[in-house]
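*Asks:* Chain residues, written in single-letter form:
Protein chains: 2
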Amino acid sequence: MDALPLIDRTPSAYAYPLLIKQLLTTPLAVNPDQEIVYRDQSRYSYRQFRQRIGQLASSLRSAGVQPGDTVAVMDWDSHRYLEAYFAVPMMGAVLMTTNVRLSPDQITYTLNHSGAKALLVHADFLPVLQEIRPRLETVQTFILIADGQTLALPEGFGGEYETLLGLASADYPFPDFDENTRATTFYTTGTTGLPKGVYFSHRQLVLHTLATMGALTSAVDQGRIHRDDVYMPMTPMFHVHAWGLPYIATLMGLKQVYPGRYIPDTLLALIAKEKVTFSHGVPTLLHMVLNHPAAAQTDLRGWKMIIGGSALSQGLAQTAVERGIDVFTGYGMSETCPILTLAQIKTPLQGNAERELQVRTTTGLPIPLVDLRIVDTNMQDVPHNGTASGEIVVRAPWLTQGYFQDAPNSEVLWEGGYLHTNDIGVIDAHGYLRVTDRIKDVIKTGGEWISSLELEDLISRHPAVSEAAVIAVNDARWGERPMALVVLRQGCTASAQDIREHLTHFANQGHISKFAVPEQVQFVESIARTSVGKLNKRQLRQTYQSAQAPAPTAQ
Amino acid sequence: MDALPLIDRTPSAYAYPLLIKQLLTTPLAVNPDQEIVYRDQSRYSYRQFRQRIGQLASSLRSAGVQPGDTVAVMDWDSHRYLEAYFAVPMMGAVLMTTNVRLSPDQITYTLNHSGAKALLVHADFLPVLQEIRPRLETVQTFILIADGQTLALPEGFGGEYETLLGLASADYPFPDFDENTRATTFYTTGTTGLPKGVYFSHRQLVLHTLATMGALTSAVDQGRIHRDDVYMPMTPMFHVHAWGLPYIATLMGLKQVYPGRYIPDTLLALIAKEKVTFSHGVPTLLHMVLNHPAAAQTDLRGWKMIIGGSALSQGLAQTAVERGIDVFTGYGMSETCPILTLAQIKTPLQGNAERELQVRTTTGLPIPLVDLRIVDTNMQDVPHNGTASGEIVVRAPWLTQGYFQDAPNSEVLWEGGYLHTNDIGVIDAHGYLRVTDRIKDVIKTGGEWISSLELEDLISRHPAVSEAAVIAVNDARWGERPMALVVLRQGCTASAQDIREHLTHFANQGHISKFAVPEQVQFVESIARTSVGKLNKRQLRQTYQSAQAPAPTAQ
Chain A
1 MDALPLIDRT PSAYAYPLLI KQLLTTPLAV NPDQEIVYRD QSRYSYRQFR
51 QRIGQLASSL RSAGVQPGDT VAVMDWDSHR YLEAYFAVPM MGAVLMTTNV
101 RLSPDQITYT LNHSGAKALL VHADFLPVLQ EIRPRLETVQ TFILIADGQT
151 LALPEGFGGE YETLLGLASA DYPFPDFDEN TRATTFYTTG TTGLPKGVYF
201 SHRQLVLHTL ATMGALTSAV DQGRIHRDDV YMPMTPMFHV HAWGLPYIAT
251 LMGLKQVYPG RYIPDTLLAL IAKEKVTFSH GVPTLLHMVL NHPAAAQTDL
301 RGWKMIIGGS ALSQGLAQTA VERGIDVFTG YGMSETCPIL TLAQIKTPLQ
351 GNAERELQVR TTTGLPIPLV DLRIVDTNMQ DVPHNGTASG EIVVRAPWLT
401 QGYFQDAPNS EVLWEGGYLH TNDIGVIDAH GYLRVTDRIK DVIKTGGEWI
451 SSLELEDLIS RHPAVSEAAV IAVNDARWGE RPMALVVLRQ GCTASAQDIR
501 EHLTHFANQG HISKFAVPEQ VQFVESIART SVGKLNKRQL RQTYQSAQAP
551 APTAQ
Chain B
1 MDALPLIDRT PSAYAYPLLI KQLLTTPLAV NPDQEIVYRD QSRYSYRQFR
51 QRIGQLASSL RSAGVQPGDT VAVMDWDSHR YLEAYFAVPM MGAVLMTTNV
101 RLSPDQITYT LNHSGAKALL VHADFLPVLQ EIRPRLETVQ TFILIADGQT
151 LALPEGFGGE YETLLGLASA DYPFPDFDEN TRATTFYTTG TTGLPKGVYF
201 SHRQLVLHTL ATMGALTSAV DQGRIHRDDV YMPMTPMFHV HAWGLPYIAT
251 LMGLKQVYPG RYIPDTLLAL IAKEKVTFSH GVPTLLHMVL NHPAAAQTDL
301 RGWKMIIGGS ALSQGLAQTA VERGIDVFTG YGMSETCPIL TLAQIKTPLQ
351 GNAERELQVR TTTGLPIPLV DLRIVDTNMQ DVPHNGTASG EIVVRAPWLT
401 QGYFQDAPNS EVLWEGGYLH TNDIGVIDAH GYLRVTDRIK DVIKTGGEWI
451 SSLELEDLIS RHPAVSEAAV IAVNDARWGE RPMALVVLRQ GCTASAQDIR
501 EHLTHFANQG HISKFAVPEQ VQFVESIART SVGKLNKRQL RQTYQSAQAP
551 APTAQ
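Chains A and B are the protein sequences, given in the same order.
Residue 138 in UniProt numbering sits at position 138 of the first sequence, and the numbers go up by one each step.
Residue 26 in UniProt numbering sits at position 26 of the second sequence, and the numbers go up by one each step.
Hint data in this document are derived by calculation from the structure and do not stem from the laboratory.
Careful, some of the hints might be misleading.
Which copy is meant is left open, so a pair is good if it fits within one copy or across any two.
[Unchecked claim] Cross-link-like lysine to aspartate or glutamate pairs, in silico, DMTMM-like; alpha carbons within 20 Å at most: (1) 346 to 221; (2) 537 to 274; (3) 346 to 35; (4) 514 to 124; (5) 21 to 371; (6) 534 to 274; (7) 273 to 354; (8) 440 to 155; (9) 346 to 228; (10) 346 to 33; (11) 534 to 137; (12) 537 to 33; (13) 444 to 475.
Model the full assembly from the supplied sequences, consistent with the hints where possible.
*Replies:* Structural data, given as structure tokens:
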């Protein structure tokens, strides 16, 4: 269509680019004395937070960081990380959040690929740094995070974080610039190939903050965040902006609590002491906290928690709900900033415990501005009837516009103008999305697709089961067959036959095909996970692929 | 600074412009069966609403409206207006919301100045149209809104609204375009000069929606909107997008109720029947509803109402609170889209009825992304101590970037890169803004400034007083002196001396200067208001200026 009339801008008018610095405007005007807490080590006001942001930028500038440079961080969840979330993009530099759980080779690759010029590194990661330092090609400035310890500065380091901040001016003149300026980058580890870099602009992060905040605050009661909540992340801050919640918490002026390294004791103590009411994390971490001995003595009622990263089983959700925790699923990925959907329970679906549990563990409803479709291989929409499945493809104002310096994979990601999640899902009549599987994790057997996620969820409902993973193993006759790996609860016993009977029960009720009941059920001590806590299906397949699959017993 | 690296966009990636059409994406996915109600005449689902938006665009296109054209509307608050809020901008045209309360000359001026090509006009306004039609220079297409009546189509009309929609296709292909495309325009009537046009882009309206929604939903309980609220506007939809709430209500998927022309009977009946819980309007309308005989029989508990347009007096607020209504002030103006601040009560300030009332009637806290300052004449910030006053100047992503085709006034509006509100305010230690006066309404007497708003509020607290206005009258000795115009409650009596003693009481307590107590208190039947319900100080001054001012009795 022809060009339409744009709004006239008078020369003096302020066009207001969407910049991360503006997320600070309201909290500083409305709630400057609100607290930010770091473990039992420090607490300070938003006013001081703003000063330290200025000091961090001044320190980085003195250390040679220029606008446009990339600054990498290796730290646990801390007030320092929050400071970097703001200071680095606000000075026009790019924040690279290093996944410290990757292998030394992968960390080396991601730091080099991002072009990181400065690296802020917690003392705990000095051994890794020591190992990879000779191979780092771009980092010129190293800053030590001593985290309260008295440590000698390693050779070639430009200073220690707190020392540098103490010497620096809080009055850094944060400039305006194009809202499409790159603000953050980090790397996603697929199950194959090298890590891929995703990247987000100031505009994208501001819009993700507003839309996610709008969805979380709009709920009547369940699944809701409000101004009096106390926020503590339980997702690493290197991982997709800790789901964007630190930006939301800051814009809302919430009290924020940063727990450092995740130690169940510390987490539980902070929840109790600081009266934490809002968190988010992977199911494993929730599982770990709930099963810790100290959990029994901690009042967890009123704690709200978004669960993501992998599917929340109904078993775990029920345990949490019984403890008074409002758990619900969030869905997204590194490529999507990340939030796309939240499993808030609509009022008409409330009041029935079983149905509420189903909703909590579903993938959720799209948040404002998210255009989410389930499509067939020709990009045609499949019906929203709760059974027809298709690939989940999305548009939203905050999706990575490609993989960093990787044009071929970028085009695959965005084929047809929608971002391809590589997840398979169904949408029910209430609008709830349910991810049934990863495209690559689906088990293709006898011409049918079996959802490994669904089987994992059903197995987890067996009272003796603590955790389960289902993988595909090669099968001469059927192509692939499902295999179940099961961790039993402490003190519980169950046989493979028990698990199969448990599943056959669901098959008899029509919940799954009888053909989906796995012949092989193997009891294991633990299940391999990726660096961000997801089931590591690739490794599990490699480990268990050799197992011999007998002929199926059920069809 | 040098250009910074912008995010790379892979060619297939969707850049997602912020367009009004995308406000419909989530409600249609999540809540398509939700209702939109028009008086007792019609109710339909969001699904049908979306179809009618397509039909309206198809009708307009058939009637010759091109993208880029301006489409004007003269209607009461209706589902049709809501349809126009979406369909017109979504097709790339500009929605001109005509202020039907202006004089015929002013309506003519604004329609001509906006270049309106099509006009949708409710039957009630045909007499006005008849009068001005020969002078309309740009309107080529007239569409009648019969509103359920059987009417002959006036000569030269292109059709009737419902008839045209019935003939049109719902499948209008709404295109993508630049988010800075002009979406809406309307005219603000200052107290002097010709009406001035303001204008807003798609991007601005989407951002106003997200930020205002975020502020309204974030509150813990008081001053909060949530997904189960039922929305009914009581601000004309021609006036600053009905404060943006129809867009917010739609994005949130709320049940919406449109009351047509404001008749207290109808409003009260709809509140009761449709269980309305969220509204907004000027104090006069709240006053009118509360004083209507039917109000006594209507349960108004749980009704939330934003009050704006002019100051909410503590007297009126208290009456409303006693009826169980959660009233609180919103602040903004035509130039600001409009919301800038909301008087939500912070939790630590709750629990004390008197203090709550003070907060409800203050101007409020800035909403997300609003950079609001109070400055002296050199644009230097004045202290936020609750007493130092300065002009309120603002930046936000949704402020008009000028007056339409009026470069000189645009530059005055934006002098120094901040939008000048021409309001004087103070900010207290809690961050609450309080507008103390319009720059032009302040009373300058004996070298001091007296706030007419403050006097009006104090007078309104007298039990016999229904409404009050304070204006400046010329005074040979002091320059200006305040004069009070008072409407008494039905059945109540009070003398001028009673009112002066009431004010002297506050002066003795130090709330106001003794010099602020007016010598002249005049009892009147009603107080003149502007077309949007504000006290018409200009007219009041003209009417009462001739009154003789005696020498002041108090200093």
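*Asks:* Work down the list of hints and note, for each, if the structure agrees.
*Replies:* A quick look at each hint next to the structure:
1. 346 to 221: Both, since 10 Å and 19 Å are each at most 20 Å.
2. 537 to 274: Cα proximity of residue 537 and residue 274: none, with 37 Å in one copy and 53 Å across.
3. 346 to 35: Between copies, since 16 Å is at most 20 Å while 33 Å is not.
4. 514 to 124: The answer is neither: 50 Å in one copy and 68 Å across copies each exceed 20 Å.
5. 21 to 371: between (27 Å within a copy, 11 Å between copies)
6. 534 to 274: For residue 534 and residue 274, neither the intra-copy (29 Å) nor the inter-copy (47 Å) Cα distance is at most 20 Å.
7. 273 to 354: neither (32 Å within a copy, 33 Å between copies)
8. 440 to 155: Answer is neither: 46 Å inside a copy and 66 Å across each miss the 20 Å cutoff.
9. 346 to 228: Close across copies (9 Å), not inside one copy (23 Å); limit 20 Å.
10. 346 to 33: between (35 Å within a copy, 13 Å between copies)
11. 534 to 137: Classified as neither: same-chain Cα gap 30 Å, cross-chain 66 Å, threshold 20 Å.
12. 537 to 33: neither (47 Å within a copy, 40 Å between copies)
13. 444 to 475: within (10 Å within a copy, 92 Å between copies)
Checked against the numbered hints above, the structure breaks hints 2, 4, 6, 7, 8, 11, 12 and satisfies the rest.
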